[in-house]
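Q: Based on the sequences and whatever the hints tell you, model everything.
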Amino acid sequence: MTTSQLIRSLGLLCLLLLSSTAWAQRSAQAELKAAAQHLSHADGTQIAFTAETFGSGRSGSTPLSAGTLIVKGNQFRLSFGQMTAVYDGKKTLSYYDASEHTLNISHPTSAELAMINPLIILTQAESGYRTEMLPAAKGSNIIGLTPKTSNGIKRIELQVSAQGSRPIGAVIILQDGSRIVTRITGISAAKTSPALFRLNKADYPGVEVVDLR
27 MTTSQLIRSL
37 GLLCLLLLSS
47 TAWAQRSAQA
57 ELKAAAQHLS
67 HADGTQIAFT
77 AETFGSGRSG
87 STPLSAGTLI
97 VKGNQFRLSF
107 GQMTAVYDGK
117 KTLSYYDASE
127 HTLNISHPTS
137 AELAMINPLI
147 ILTQAESGYR
157 TEMLPAAKGS
167 NIIGLTPKTS
177 NGIKRIELQV
187 SAQGSRPIGA
197 VIILQDGSRI
207 VTRITGISAA
217 KTSPALFRLN
227 KADYPGVEVV
237 DLR
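Count along the sequence shown from 1, then add 26; that gives the number in the numbering used here.
The hints are simulated quantities; they were obtained by calculation from the structure and are not laboratory data. Errors might be hidden in some of the hints.
[Stated by the list, open to error] Cβ pair distances, simulated, as ranges:
| # | residue 1 | residue 2 | range |
| --- | --- | --- | --- |
| 1 | Ala-162 | Glu-126 | 36 to 44 Å |
| 2 | Arg-156 | Ser-214 | 25 to 33 Å |
| 3 | Leu-160 | Ser-66 | 20 to 28 Å |
A quick note: this is a predicted structure, and the numbers were derived from the prediction, not measured. Cβ coordinates follow ideal geometry from the N, Cα and C atoms, glycine included.
A: This is how it looks when you write it as structure tokens:
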């Protein structure tokens with residue numbers, strides 16, 4: 027092979043690699059958009075799930091627990107164990123912890139929201155995460171999302187069904203190596219109202235309010 031042929035071959039290889047990278051990026055974005063459609067019922071969507079946290083040594087640090095998540099646009103209401111958390115879709119997160127009898131109010135970061143509700147990345151991934159397709163698992167595709175700026179999360183792996191891109195789970199890998207693993211057990215339409223995405227002190231008599239805004 028002559029030098030000119032070698033240069034042309036390397037140039038063609040570079041073009042192919044660039045093209046395949048661009049295709050993968052479009053594919054990841056297409057998967058995210060298709061997955062988001064499953065959560066876009068007009069009046070709201072209810073998701074049933076299980077979740078478990080693993081320490082950096084891969085040992086289970088919390089027992090497997092079940093919960094429900096109701097979403098409408100960027101708003102959500104999470105019920106999990108003794109905690110109820112709601113996000114108004116703009117900037118305010120409120121959550122009630124029955125074990126401590128406290129009502130906490132804050133303006134969370136995108137990373138804090140993602141750790142509470144991993145599916146919020148379906149609407150925020152464009153601005154805060156780099157996306158890529160990871161090696162597929164049996165019967166599912168996996169979308170990798172890496173934060174563009176350091177926020178405590180190393181990577182999010184969103185799992186969607188190979189047929190229809192239905193969200194079926196997510197793994198949040200934190201910088202310290204610990205993982206939050208969720209599995210979606212059901213998705214259905216739900217009826218919602220604005221009051222569903224608010225927590226009021228009057229609903230919890232005698233509660234301690236911790237306002238971190």
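Q: Now tell me if each hint is right for this structure.
A: Hints, verified against the model:
1. Ala-162 to Glu-126: 36 to 44 Å: holds, 42 Å
2. Arg-156 to Ser-214: 25 to 33 Å: holds, 32 Å
3. Leu-160 to Ser-66: 20 to 28 Å: For Ser-66 against Leu-160, whose Cβ atoms are near 24 Å apart, the range 20 to 28 Å holds.
The structure agrees with every numbered hint stated previously.
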